[in-house]
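Chains A and B are the protein sequences, given in the same order. The first sequence begins at 97 in this note's numbering and counts up by one. The second sequence begins at 71 in this note's numbering and counts up by one.
Please note that a few of the clues may not be correct.
What the hints assert, rightly or not - Derived lysine to aspartate or glutamate pairs resembling DMTMM-like cross-links, with alpha carbons at most 20 Å apart:
hint, chain 1, residue 1, chain 2, residue 2
1, B, LYS343, B, GLU540
2, A, LYS102, B, GLU241
3, A, LYS102, B, GLU256
4, A, LYS317, A, GLU390
5, A, LYS419, A, GLU390
6, A, LYS289, A, ASP381
7, A, LYS98, B, GLU256
8, A, LYS371, A, ASP381
9, A, LYS264, A, ASP407
10, A, LYS98, B, ASP257
11, A, LYS174, A, GLU326
12, A, LYS264, A, GLU274
13, B, LYS352, B, GLU364
14, A, LYS149, A, GLU171
15, B, LYS541, B, GLU241
16, A, LYS102, B, ASP534
17, A, LYS221, A, GLU326
18, A, LYS149, A, GLU131
19, A, LYS264, B, ASP510
20, A, LYS98, B, ASP534
21, A, LYS317, A, GLU332
As the list claims (entries may be wrong) - Only part of the chain B face toward chain A is listed, based on derived beta-carbon distances under 8 Å:
hint, residue
22, HIS535
23, TRP548
24, LEU552
25, VAL559
26, GLY562
27, ARG569
If you're looking for bench data, these hints aren't it; they were derived computationally from the structure. These figures come from a predicted structure and were not determined experimentally. For each residue, glycine too, the CB sits at the ideal point set by N, CA and C.
This is what each chain is made of:
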Amino acid sequence: MKIPWKFFAALAAGFVLVMGFYATRFFLILGVPTESSRWCSEIYEKKRLAAEKITAPKLLLVGGSGTLFGLSATEIQKQTGFPTINYGTSAALDTDYILSRVRQVAKPGDTVLLCLEYELYVHGKLDRATATDIFIDYILSRDPAYFYSLSPLEKWNVFMTISSQRVKQGLNNRRRPERRADTNIYGSVYDSKFINEWGDQMNHSLASRPASVKISDIQRKLVFGDGLPEHPAGFEVITSFCEWARANHIRVLATFPNICQRPEYNQPPSQQTAKTITDFFTSLDVPVLGDYTESILPPDQFYDTLYHLTDEASIVRTQRLLKHLAPYLKNGNRQN
Amino acid sequence: MLFSSSQFIFLFLPATLIGFFLIPANPAWPRKVWLLLASVFFYAYWKVEYVPLLLFSICLNYAVAEFITRHRHRPAARVVFVTGVSLNLLLLGYYKYTNFILGFLGRVTEHDFGRFDILLPLAISFFTFTQIGYLVDVYRNQSLHHRFLDYAFFVVFFPHLIAGPIVRHWEIIPQFAGRTLRANREDIGVGITMFLIGLYKKVLLADSIASYVTMVYGEAAAGATLTWFDAWLGTLAFALQIYFDFSGYSDMAIGLARLFGIRFPMNFNSPYKAGSITEFWKSWHITLTRFLREYLYFPLGGNRCAPLRHVFNIMATMLLSGLWHGAGWTYVIWGGLHGFYLVVAHRWRLFVDSYGWRLNFWWYRLLSATLTFVVVLFAWVFFRASTLPVAGNMLSSMVGRNGLTMTDAVTHPEKPLGLFLTRAGVHFVPKTFATESYSDLTKLILVMMVIVLFLPNTQQMLADHAPVLEKSERPRSWHLTLGWRDGLVLGGLFFWVVRGFYIAPPSPFIYFHF
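Here chain B stands alone, though its shape is the one from the complex (with noise of 0.2 Å):
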């Protein structure tokens, strides 16, 4: 059941709140049982099957936790908490990346080692991260203890439950884990608010740029040689996608998670408004970044070693990540990019610092973050594309190997674009694959480039309201007070999206195949 499908919004959501509301909030733990309930049904929407898999997951974590909190500084305590950890990766190896591996050895020594037909479970990277924060949070501070319900409601609150944004013990369980649990008006005005705009940005945005991004890189797939144009739109609306459609899920979770009177924190902080590509990492999917900050790079010694072990520890933390998103090669090799781009990164501060050179120049700002976005443009091809080959035809579009190459179906070259474009070196093509009007796209690429470089997120609209755990910045215009104005556009704008229930079925989120 995805959040933005008509069975979700008009009949599970409904009767869950509605059940909330009919229980008493004092004590807690009914509405807290309700929420449990309604959450493994959530779940076991997708597939039965696979609730035993989360109930045992959490049962175990539950039991590791309390063996290490009951037997404290004593040995066995360790010895449980590595067996744990290595239980929860062991599974999530199982179900993710058994059939990469045998493909692995497989190729490495010439033999087929066939395959498994694993059906991966739903949010399992998310559930098992969130499990693994908490082992090692009560290993490091033994004397840490909830009592089951708590525990196994902050890991199964469908809010966070598919795909996030990774919640940690300390800033979600003290929410509901005293006498009450209640939500009042301002909970329910900014988590309608919030659910809907990232409903907006999902059905209206990320699912409208879609299709061409799925024929952009079919066609690379089928082994097409793409127009410069083509390769470069269809990467810019690939990002433009993925952040409308992450991020407007992340919104989403955090408007149903305020329902219930909850506050989750931000997952998104404007990443392509980064001026450096650490900027860029400190505000995509945050609350990644700071579990393999605190749980993977930490660990590893962080910055505070050699300079050759601080290029490992970034290496071996992007390369994991980009593991943990897809048991894939191009996944692996988004990871490595993003993590040279780290590595260079750090290396050019420190050269800046050394020089003791103070860059506040507007220009270098800008300069600096259009580098960061193209950087991040050249790594989305591999988080994309199918195979590593498919990356290869996309990416020699885009430098240019097949010429610079634009298809007469986005100007005629007799229009005085198309002379301009022509003097400018462009070579004009027959169309060579059916897609919608380049003109209509081209508008919609340019709305939601202005939308994502220049106005202020969601949390920072409603910054008055505190919608997330951290404190955002009040923007000087764009901020929503949520008076009757910001009621119809928001209701306005809902008929919209009620409609698409009617065109077309709602496409998955794409952070729901990690």
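Bound conformation, chain A alone (with noise of 0.2 Å):
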């Protein structure tokens, strides 16, 4: 029997219809706010204005979440008098995108101190493949200028990999849009009320620790005991930034992230980790505070996930944190 040509030319038209409506339903969400990415929004929103308050050279603490529980800017406010915000997030939102917001901030004189998760390292740009749902939720619901700003390439990535159900939910939320939960589906203490006018993240005492969160299984993981990639595309992103810096007479700092303590971290794949994340800075001229070693703190002094660290610790932290940046607030930035 014969088959008519219609029936290869209906196998193209079908394939190009659906992905025409597929793409009319993806352009419908962008813009439209999730409740998911609220609190990420919120907190950015208040770091922000709070970051454009300063006129004077200031300081930004620059990371994920283990930048937002781990360090204190009030603390460094403090003891220096340097005015600081504390710009850490969430590390789902990837390096390119942490580091092009602290772009829209930064002006000529401010120092950036860098404490990226060791993920950042690994992940650069935006790469489908290891990009969180968390993030592409993110720039498709609060940032979407962010996603016309990405390569062709990178948004048809982003276009041919968002779920089904997250397309449903912005288009469900486009027509009646979601009600404010009460609390945020990370926990309660996830909330921008809880980021006070450094940026620092409040209530998370070590007596406020939910009951549910489990020492054992913060130090369960892993972090970077298998060592970094060959070559961390997280590197190249940041080799940019740098540069993009100095040309802005930014001055940048770097120190290591905060870890839970376990065996392997004295172990020389950890020791080389380390020595790979100096040396790299080294290469672009920038001072890495402290040792790696300094920031590996005990189990107890973790609140709730790997890198988010107590009140009570970040204190510490910050405080032998202090000790190598002090020098270089004191000078202020005489970069250039």
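Hey, can you piece these two chains together into the complex? The hints should help.
Below, the structure is given as structure tokens:
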């Protein structure tokens, strides 16, 4: 039995039609807020306003939630008098995005202290294999401009990999915006009302640690024991950021993120990872503050997850950091 | 390179097709050489180191076959035939069963024989069986002769090379041994349709429940006590996964061959609709069943022998079928169970015939089909479980030794369904492992059950276009005319598969392990 040519034409047409239908739905959800992205969006907004309010040279503490929970801008400003903002949010947002947000608020004369989680060295620009759903959710709902700034290939990757549920959720929210939840999906402490005027996280004292948190779970996670890949994608992004900072008279410093003690961290693979990171920053003329072992803390100093310190521990860690940081702040930003 | 991977679909297949159509159809040999080279490349893409093994196997078997043909009716032909078959089996045995045998001997003698670091060459079970079949046919019909190019092409033609269908020379070689090798518009349309349907079965259905199956059997392997519901749902999900995975693969293979104008035999014919275990084996992995029947069961004596010998013949065939699937006791037990089912079915048929009963009732058919499906499910537990204790753990939950339990993630105990189930004796327990939404999962499984039980299969849908060598019954509905409507649906679904390439790498076909 002969098969008509229109069957073959319809095969191609079917593909194009479904793709068109899907693309329409995709573009309709751009910029439609979701409840799951609210926390990140609100804390970024709060931190941005706080940073823009400061006219003098300032210090920005940059990283994911390890910086948010693990360093105290309040303590740094109290000890040194140097205006400081904790610009840490969530490592799920990827290195390129986190640094792109810093570019928006950093001014000539400012100092940026990079305290990046180890994953942020591994991941670079938006890579759909590693980008989290949190990140995709965030940029589509809260920062479509960032989506539009991506290369055509990156845009295509996001378009092709977004889940059907996320598209459906976006369309639902477009018709009827989601109700603001009383507690954030990540836990009650993840709320912008617990961010103080220096951008620090509040209410994460040891006493308020949720009963459901098991310290053994925090300790079980091995962060960088296996070393970094041969060519970490994050290095390229960080290099580009440091070049931009230098061109804009912004000083960049770096330090290691807080992690929970494990015997593996005294072994050669971990030491090699720390050395690779130190060498990388040294090659960029970025001073590295302290040794990686200074950021390794006992399990009881963690609040709820890996990288998140308690209030008390973050003060101790910040004071330890200040020994290395203070000389730079005392001299101001004299770069260039 | 998987049939369902983007490299295959967007690079290898188009390049092979373009090359094929650029080469004139008459004479046929340049096209055959092209397809032969493409097939060797396809095999080498997995592991180039094993290409010599494949080529050696082809040359050896061709030489043996030629020797038998040239020395027909002489004792030497028999010696060479036995040597040739033994060499094939030794090669298969070395790669597939060495560590299994060493492990077994180690346990029996309480001595550690160690393990050899042997990587099972892809497709060895399939190309070995294809060639043993050829040698047996040459030995039986000693005037059989094919040109080397035709023989090599018959063995390595990439659509069937990796996981079948296990093809026989007399149904395949005549299709391309003539002066021309061509594919017309119908071949291409049917080929694309079969390939796409197979792809959808694999990517949209089988792979969608694979993670749940892995999770359930992983929990059982970790020693967790599964709920009765999870044990059954996990096993049902596996039964559907392996059906859609392997029949999807077979559809893709049949479609690919048809793209080059070659028809393959049918490999699946709605096995879960079977009314008896005998029917099941006539419709599940048909080409393996007929291979075992013709080259093992019949030579052993088939059913034309004493009852006890018949039982032995069935059991030996099915135990070897189990062992062919994998070097492990779980596979042996799976084969043994099916052998036992076949013996019981045969005895039952004799019993029914002896009383002259005619059981042509709809309820009898329903009852026997249900019973067949349930016993097949029990056997799948052994097929899927990594070890016997894992299978034991699954089965003990399935038979309710841990109680008639269900997690409250399936339905809340205070919802109407929950209340009904509680009254029926089901105990609700907290969720023991993280899984996706049970609601989505059960809906998907229900859809898949409807497809396997109530819809026509791929070759029936395409009956008007004779997609396989055998004739298929044309269904009253759900047949594809391959007009513009079918094209739109098939093309539209392809977009979802392409999306899948971006979301996760394609998972290998289950039968690639064999």
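Status of each hint after checking the structure:
Under the criterion of a C-alpha separation no larger than 20 Å, the hint pairing LYS343 of chain B with GLU540 of chain B is consistent with the structure, at around 19 Å. Restraint check for LYS102 of chain A and GLU241 of chain B: not satisfied, since their Cα atoms lie roughly 32 Å apart, outside the 20 Å limit. The hinted pair formed by LYS102 of chain A and GLU256 of chain B meets the criterion: a straight-line CA distance of about 13 Å does not exceed 20 Å. Annotation: proposed proximity of LYS317 of chain A to GLU390 of chain A holds, straight-line Cα distance about 19 Å (limit 20 Å).
A hinted pair counts as satisfied when its Cα atoms are at most 20 Å apart, and LYS419 of chain A with GLU390 of chain A qualifies at roughly 12 Å. For the suggested pair LYS289 of chain A and ASP381 of chain A, the alpha carbons sit about 38 Å apart, so the restraint of at most 20 Å is broken. Distance restraint check for LYS98 of chain A and GLU256 of chain B: the Cα-Cα separation of roughly 6 Å lies within the 20 Å cut-off, and the hinted pair is therefore satisfied. As the CA atoms of LYS371 of chain A and ASP381 of chain A are separated by approximately 15 Å, the hinted pair is consistent with the 20 Å bound.
For the proposed pair LYS264 of chain A and ASP407 of chain A, the alpha carbon gap of about 39 Å is over 20 Å, so the pair is violated. For a cut-off of 20 Å, the pair hint linking LYS98 of chain A to ASP257 of chain B stands: about 9 Å separates their Cα positions. About 41 Å separates the Cα atoms of LYS174 of chain A and GLU326 of chain A, which puts this hinted pair outside 20 Å; it is violated. Distance hint between LYS264 of chain A and GLU274 of chain A is fulfilled; the C-alpha atoms sit about 13 Å from each other, no more than 20 Å.
Between LYS352 of chain B and GLU364 of chain B the alpha-carbon distance is near 13 Å, which keeps this suggested pair within the 20 Å criterion. A C-alpha spacing of about 19 Å is found between LYS149 of chain A and GLU171 of chain A, which places the hinted pair at or below 20 Å, so the restraint holds. Our distance criterion of 20 Å between C-alpha atoms is met by LYS541 of chain B and GLU241 of chain B, whose separation comes to about 14 Å. For a cut-off of 20 Å, the pair hint linking LYS102 of chain A to ASP534 of chain B stands: about 18 Å separates their Cα positions.
Restraint check: the Cα-Cα separation between LYS221 of chain A and GLU326 of chain A comes to about 17 Å, which is no more than 20 Å; the hinted pair holds. At roughly 27 Å between alpha-carbon atoms, LYS149 of chain A and GLU131 of chain A are farther apart than 20 Å, so this suggested pair is violated. Taking the CA atoms of LYS264 of chain A and ASP510 of chain B, the gap is near 15 Å; set against the 20 Å cutoff, the hint holds. As the CA atoms of LYS98 of chain A and ASP534 of chain B are separated by approximately 10 Å, the hinted pair is consistent with the 20 Å bound.
Using a Cα cut-off of 20 Å, the hinted pair LYS317 of chain A and GLU332 of chain A is violated, with the two alpha carbons roughly 26 Å apart. At about 6 Å, the closest approach between the beta carbon of HIS535 of chain B and any beta carbon in chain A falls short of 8 Å, and the interface hint on this residue holds. Contact between TRP548 of chain B and chain A, as hinted, is not supported at the beta carbon level, the nearest pair being about 17 Å apart and thus beyond 8 Å. Proximity of LEU552 of chain B to chain A holds as hinted, the smallest CB-CB distance being about 5 Å (cut-off 8 Å).
Checking VAL559 of chain B against chain A by beta carbon gives a least distance of about 6 Å; that is within 8 Å, so the hint holds. The criterion of a C-beta within 8 Å of any C-beta in chain A is met by GLY562 of chain B, whose closest approach is roughly 4 Å, and the hint holds. Proximity of ARG569 of chain B to chain A holds as hinted, the smallest CB-CB distance being about 5 Å (cut-off 8 Å).
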